[in-house]
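Residue numbers for the sequence shown follow the UniProt record's numbering, so the first one is 1 and each next one is one higher.
These are calculated hints, taken from the structure and not from any lab test. Any given hint could turn out to be false.
What the hints assert, rightly or not - DSSO-like cross-link-like pairs, simulated, lysine-lysine; straight-line CA separation at most 27 Å:
| # | residue 1 | residue 2 |
| --- | --- | --- |
| 1 | LYS329 | LYS361 |
| 2 | LYS132 | LYS186 |
| 3 | LYS169 | LYS329 |
| 4 | LYS320 | LYS331 |
| 5 | LYS40 | LYS132 |
| 6 | LYS283 | LYS331 |
Unchecked claim - Here are the simulated distance ranges between beta carbons:
| # | residue 1 | residue 2 | range |
| --- | --- | --- | --- |
| 7 | TRP366 | LYS132 | 35 to 41 Å |
| 8 | GLU343 | GLU363 | 16 to 22 Å |
| 9 | VAL364 | PRO158 | 31 to 37 Å |
| 10 | ALA297 | GLU65 | 54 to 60 Å |
| 11 | GLU277 | LYS169 | 16 to 22 Å |
We treat Cβ as the ideally placed atom computed from N, Cα and C, and that holds for glycine.
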Amino acid sequence: MRLAVVVSDAHLGSRREFCDAVRDAASGEPGVRVYELTPKSWRHLRGGGLEPLDGIIAWVGSNDEEMVDVWRSGIPVVHCGRGFEGRVPTIRADGGDELLGRFLEEFGAEAVAIVTSREADASHLRGPHFEKFSAVFSGVRIDPSLEKEALWSLAEEPELDAFLRSLPKPCLIQGVHDEMAVMIWKRSVMLGFQVPAEVAVCGWGDHAVGQAAAAGLSTVRMDVRRLGDEAVQYLMAHLRGRRLLDEAMEVRIPGLVSVIERRSTGGRMTPLREFAEIRRWLKAYPDGGVTVEAMIASSSIPRVRFYQAFMATFGTSPGKAIRHSKLAKAKRLLQSHELSMAEISNRCGFSAEGDFAKFFKREVGWGPAEWRRENSEIC
């Protein structure tokens, strides 16, 4: 019995473990031989009269439409990943986007950006607590089997630099793969940004390049050995007549994806992560107010280190940060005539309207009513 594992030309290095997993799983089946092909070599061999294959396990890009034709020609195909759902039997990881989305939301950055070599899919960026950006840059060499220096070649480096400069800081950037993330890390450092304090970086794939070219790259890892093993089981069940494949088949396997945190995001116990809740409070001052004690309680940083860590992260003291946030909220509310002065006072955390008036005049130099008359037309 002749099987082939087909992976994209550009991913021969990064998907080596997947190919090995398919070969190892198939070796347990009597009389089975496995050939490794790419779409390019597959087309060449077909044109040269390749002996018929009994089945194919593929992990190729969505532009490799020939996989659909192969399936429709009668050769059993199991595709691993996205791109051909509903047209070719598919198995893929379940919950990966949701897992990454939670990681991005909980990180505590002002902005989250997806940097990719094709149109970005930012559907997993659902968090309300950060600004969302995406950018497309092509021309990146993505085969980690190449020399490290080849990974730095990008025709649009000036555009990438401009994009990195434009992002609000601190930000978290997720590269579409580890190779892109490594390049982002390198460019960020060259531009003078601190990683991860100002620009945190996360890749995808846990490829060797992320460990060799920039040790400490945080990334999203997929258990490709398990994915390859599952694909072989489904294909062999079809070939043995136990369970037939169908083009509508889409099997989602839970637990294949995990976030691996390393130096490029600082790990879990960093001020950026620890201050995520505090950053949200300061960005949108909560009704009823917030105190320094509440900030300390929300963090696992010891009290003796809290003030120093806060100053290093926000550039000011906790008390001043609270006053600035409270004042910004008061100004926003005063610019509308829909709320009374008592309601504004209460929503800014004051129990008495007089205390609010004293605070506002001390900070601004005008009383709130006078400031409202002068600034309400801004709305």
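Checked hints:
no., hint, result
1, LYS329 / LYS361, "15 Å, holds"
2, LYS132 / LYS186, "22 Å, holds"
3, LYS169 / LYS329, "21 Å, holds"
4, LYS320 / LYS331, "16 Å, holds"
5, LYS40 / LYS132, "37 Å, violated"
6, LYS283 / LYS331, "14 Å, holds"
7, TRP366 / LYS132: 35 to 41 Å, "37 Å, holds"
8, GLU343 / GLU363: 16 to 22 Å, "19 Å, holds"
9, VAL364 / PRO158: 31 to 37 Å, "42 Å, violated"
10, ALA297 / GLU65: 54 to 60 Å, "56 Å, holds"
11, GLU277 / LYS169: 16 to 22 Å, "19 Å, holds"
Violated hints, listed in ascending order, are 5, 9; each of the other numbered hints is respected by the structure.
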